[in-house]
Amino acid sequence: MLVYSEKVMQHFMNPHNVGEIPDADGVGEIGNPVCGDMMTFYIKVKDNRLEDVKYKTFGCGAAIAVSSIVSDMVKGKTLEEALEVTPSMVARELEGLPKNKFHCSNLGAQALRKAIRNYAIKNKIDIQGLTDKEEPEEEDEHACET
Amino acid sequence: MRKVYMDHAGAMPLLPEVLEAMLPYLNEIFGNPQSLHSWGDGARDAVEEARERVASLIGGSAEEIIFTASGTEANNLAIKGLARAKAEKGKHIIISAIEHFSVMNSARTLQKEGFEVTYIPVDGFGTVDPDEISRNIRSDTVLVSIMHANGEVGTVEPIAEIAKKFPEGGPVFHTDAVASTGNIPVDVKALGVHALSLAGNQFYGPKGSAALWLKRGVRILPLMDGGIQEGGRRPGTEDVPAIVGLGKAAELAQKDLPSRMQKLTHLRDSLINGVLSQIEHSILTGHPVQRLPHYASFCLKFIEGEAILMLLNSHGIAAASGSACTSRALKASHVLLAMGISHEVAQGSILFSLGLDNSGDDVTYILEKLPQVVDRLRQMSPLYSKFIKAQKG
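Top to bottom, those sequences are chains A and B.
Each residue of the first sequence is one higher than the one before, starting from 1 at the first, in our numbering.
Each residue of the second sequence is one higher than the one before, starting from 147 at the first, in our numbering.
Worth flagging that the hints you see were computed from the coordinates, not collected in a lab.
Okay, derived cross-link-like pairs now, EDC-like style, lysine to aspartate or glutamate, Cα gap no bigger than 16 angstroms in a straight line:
1. A:K122 - A:D23
2. B:K532 - A:E29
3. B:K535 - A:E20
4. A:K75 - A:D52
5. A:K54 - A:D25
6. B:K311 - B:D275
7. B:K532 - A:E20
8. B:K310 - B:D277
9. A:K46 - A:E80
From just these sequences and the hints, can you work out the full model?
Laid out in structure tokens, this is it:
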């Protein structure tokens, strides 16, 4: 199992913040089980900050480690700060991902963004960094073929 | 930590007798089998003895054995070499939808050369319908290749029945018996084929040892140009230690086959029964009866294969999976999809391939750890929580 960094293995073996938030303020789901990965992020927002972040993930070791690190990276941050997290930052934080697993870091960032968007729509608020970036900023290079 | 190796389809340890037989040919008996001196004689005798043993294992004659460096090479030689040799007669070949990549991609290469390829579907157990093959044989069909046993789910195909339905003077019939040879009885006459691929690394021989058996009188074109080794059909200086190892492995397999099969079938069935009874939403993949004695393969719903393998590895257990994430190409196994298993379920595929080094305690250990691993991954799977919520209505 040498394809993954130690950091990925740590988060895979002991993922942080796993679970659901029943009364979440925002929910974001991304991916498709057909392609092998699916993530659902739940957020709880208080005073414009991510008071709690949880997730459920179906997928490989990288997908699970990405979910865990994303939750760590954004917990306690303001919504604007959380939206600044990019797939590259996620991959860097994990001390690298194998090339064919980089799309997993994209999924993590996208799922979180979707949860924040869901919160913004529900509460009819504008969040800087969200409205002008409706589309994922990095193309998924492993678009799923079915 | 306890270690349990159950990925024998991926790699097998050499039997001690095989290693012992090989050693002199890596050292003092180093001659070239083609040389006309006593150094060459020693190597040539060993190669010819191995040829006899391999032929004996599958009920063929020694001169019908062509040694190759892998099962993949044997399949490439068979598919391309046999089809090209008959290209003037016709350019249509038939293979199944669940063949190994070495057959699949060889057929694709032939397609680029102007051949037409018909892919025969399989049923939910991964079994080919013999009638479906005879229905698809045309006057310009020059080659049919159907695997003897599938290397992912262990289903054994009805090769003899297929051969019986061939028309008189019909196409050449090849079978990829890489997964089966040395593990179940393989007899070229009983199977009724013209060509058969086998590999030593699937029955405790060394990696890089394999052969194509080709019935006397069947024409084949070599893949490589070179000298007169293997009758010019596979030129290149013989890999004497590998060939000797293959011969020894064949001899041992022939001698011990009934006891090996009995032991492995018993272990396999206790693993299959344990998994299916202890793990909810698990399915056996492949045929329940017509299957290799060392194959226990499943799909475990709502979770993904690579994550299963990683957690099993953390418990010292080695297995394999056909999920998209475990393949570098990120594609789910074409075998599982051809069997009608959905992409989503195919993601949770897992294969335990048992070996002679396994014991009942190994099975017990897996049945202790696997349910924990599955439960842990399901607890974090959004698919599982959706399923549970839907069930509650």
